[in-house]
Amino acid sequence: MNNPFIFDRPNTIDVDEFIKFYIKDNIYTRFLESTRNIIIIGVRGSGKTSTLRYYSFPVQYKNPDVKDKFSIIGIYIPNKHPILGKREYLLYENIDKQFVVVEHFLCINILSNICDTFIDSYEYLKFEKEIENKILTNLSYIFETSFPDTGSLFENLKLFITKESNASQRKLNNNNFESFVDYSFSFNNTIIPFLEQIRLIPSLNNSHFSLFFDDIQDLGEIHKKIINSWIAYRDNKLFSFKIATAEIKPLYTTSTNGVILEGHDFVKLDMTRRIFNKASEFNSFAREVISRRLQLAGIENNVDEFLPVADSFNDGLKKAKIKAKKMAQKKYPHPKGTQINDYVAKYGRAIFFRERNPKANLPTYSGIDTIIDISTGVIRNLLTPIFFMYEKQLANNKNKNEIVLTIPPSVQKEIIIKRSESFWERIRNIDSEIDNCTKEVALQINNFFNQLMIYLKKRLKDDKISEPRAINFIITQYSSEEEKTKINELINASLRSTLLYQRLVSHKATGEKIPLFIPNRLMLPVHGLDPHGQYSHFPISAKSFLNAAENNIEIPLFTENKIDDKQLEIEF
Amino acid sequence: MNKIDTLITVLGWEDRFITGNKILLDKYNINNIILIIFTDYLYMRNMQSNKALIEKKANELDIRITYLNLNYSDSVGNWKILNNFFKNNLSQSILINTTTFPRETIWTLLFFLKNNKKRVYYSYFKPKKYNTNWLTKNHKNPRLFLKHSGIFKLNNEITLFIITGFDKNRMQLLIDYYEPQNIVIFNQEGNQFENEKRNNINNIDRSLDIDIVNINNYNVDSSIRIINKKIIEYNDNNIILVSHGPKLSALSTYKCFLLSNMEIALAYVPAKDFSPYYSSGTNEDYIFGELSLNNEL
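Chains Z and H, in that order, are what the protein sequence lines are.
Numbering-wise (the working numbering), the first sequence opens with residue 1 and increments by one.
Numbering-wise (the working numbering), the second sequence opens with residue 1001 and increments by one.
Just so you know, these hints were derived from the structure itself, not from any lab.
Just so we're clear, the structure is a prediction, and the values are computed from it rather than from any experiment.
Heads up, the beta-carbon is just placed ideally off N, CA and C, and yes, glycines get one too.
Be aware that one or more of the hints could be misleading.
[To be verified] Which residues of chain Z face chain H? A few of them, derived with a C-beta cut under 7 Å, are:
| hint | residue |
| --- | --- |
| 1 | P82 |
| 2 | G85 |
| 3 | S165 |
| 4 | N176 |
| 5 | S179 |
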């Protein structure tokens, strides 16, 4: 049977299958169902594409939970088509012409996807031939063209767009490519009249078109500026934009070098919020994702039975918690409120990880909670190890057609450790992987993360420290702009390669926004560290950060954080 | 063979730059050298001394050198410089010594030459040895080649044609970037330069559906036939053709682009860092041939 944990490209799965697999995350619903412009930020694999596709018209129409199928029409627009990678616009000396050419191809991509959406769902629209003819006549007048009469309304329109696409690509590659500018599509002269005309279809009379742009991070700067100019229209009756990007700091400038403003022109949705959140929220979402896949694969075990925790891991934790309780009772002979339980919760796991014999084998990392912790809040990071665990167990089975009912802890550990080792191999060769990363930067990244692991071990072993299992950090005490630039270069390269994730948090006291850095937890198992972490963080001074990166010097251990953890509040 | 009027070569830091060009200058009665210099790489070892050596050799043979300064990181600027240059400089017959050329510069050159030339001569010198550590680093995102971005059909699948090389990671970068539905890998035959061990076909994600084709990139004519046959087979796909193989594969890919009536796209993955010890020594038994710049086999 097929491995149920495959992380497929969500835009290639059949609609019915997609509805079966998709777990709706209600946090985003009111935004994605709104008529506002939204920018969705999320790292690779965080579920942006699935989320956009879920709200697209063909899925919403078939979704029994959706009552009003026509009020918001979501058009999914992928931006990976190579037509958007054409660079000939750079050869125009006149910058305005460059914008004309790029906008033309962006419009072709939008029109093509609107047509595809309605070709696939034509039967849902149910309208008379007379309306179809009227729309074609109107568009024929507006676009100064005649349409073939070979198929449905949207098939005819698609043929027209295909013809224009081919013709303009030829023009662009010809010697007289200046002629291109004489006839080109723009959002105003093409997309708006197009949407207005298809609103003549009775079921779409009052529809709002939500244009879902996916993966815009790979587009050129000029493409992004044009899209931002469209966002700046802010007339949201007919259309709005929902833009998904993997960029942590998206470009907000427009083609006229204006700026679109959060709150004013758009609402920002940060999918990375899962990455540093109170554990329960992502944990229950992740459990639901796995549980749904087990159910669809006909595996009757629940998530905990399918991915059981090793006895040695459980027993070790239990013993450590008993020890922590004894320590707490000694420390608080007259405990108040939840003092004892708080102490056990804080130090129990730390005692288990710190008191392991350094020569002993690594802990048997296992159980759904551990796998969720290691995923660092990214769905792809959650499914991929389970995919390989399933494959391994299938290979271990004598009968290859037998369903895998449970993944033994030993198999879970083996895959987790292997993936953790490969992750470190990636870190070692990071300069080969990311765009614009020099050998020096790569070496410094390696130094920093190696020192971070040494620091986390020291933290775990220090019995005086208040949050021994904290994994996340902030950078403090910048002394110069030069220092900041150097650190930013290392941080940005680490963010691009998902060695690190980032969230913006704010000081309760000052309101100042500070980036909180979350290391990818896949780096922890091979070092015998606890991937569960703590809902906390520690500061690293800018000087210590650079010392670790440039000179491979240990990060000093602060016995007490200089910044009070409670002063930091997560910004949503 | 006809007399060769002009040799076009790119100043390089490898041994084979100077040894190879000296052999060509001694053998063919060349009048002019067009020496392309990537000024942003002039700092690399041996660049100044190799420049002095080629100038000395040209001087001895009374050959005129025309310098063409380009900037590796400015592909659009280079395009404009080469465009202006070849508008006014037309030689009778041209030999391109591809040995130290960046692949996209070979393509740019062929684009401008094909407007006025029916054919060009080419040469290639293998080194004795490639660096066993790394060759190129700091790769940028893949790019479609200017004016050669093909005619993409809106709803057709993407098929990535990759001629493999020794650089790890470039292939995965391409696959991640374009997310193709199909991949055709042209895998260099033989075990020269420990090819079987170093060729990065073993590094790719084998869960993808990949069509693997053996090819000898050192034989331009046979490579053209093999690649072209596959282009015909994948005719209804949006084909993006990328070459990471020996520099001669830039010639075969260009010819295949012409054969497709310019409908397929050429792409490349630029690198910023090149190993100063990229290769050593020169195999003096060089490859020489003639390439017709039309859309006929």
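Practice prompt. Could you check if Z:P82 really has its C-beta closer than 7 Å to a C-beta on chain H?
Written response: 5 Å, holds
Item to complete: Report holds or violated for the interface hint on Z:S179, using the least CB-CB distance to chain H and a cut-off of 7 Å.
Response: 15 Å, violated
Worksheet entry | Agreement of hint Z:N176 with chain H interface, Cβ distance less than 7 Å | 12 Å, violated
Worksheet item: Holds or violated: is there a CB of chain H closer than 7 Å to the CB of Z:S165?
Response: Interface hint status for Z:S165: holds (6 Å vs cutoff 7 Å).
Item to complete: Go through the hint on Z:G85 and say holds or violated, using the shortest Cβ distance to chain H against 7 Å.
Response: Given a least distance of 5 Å, the restraint on Z:G85 holds.
Hints 4 and 5 from the list above are not met by this structure, while the remaining hints are.
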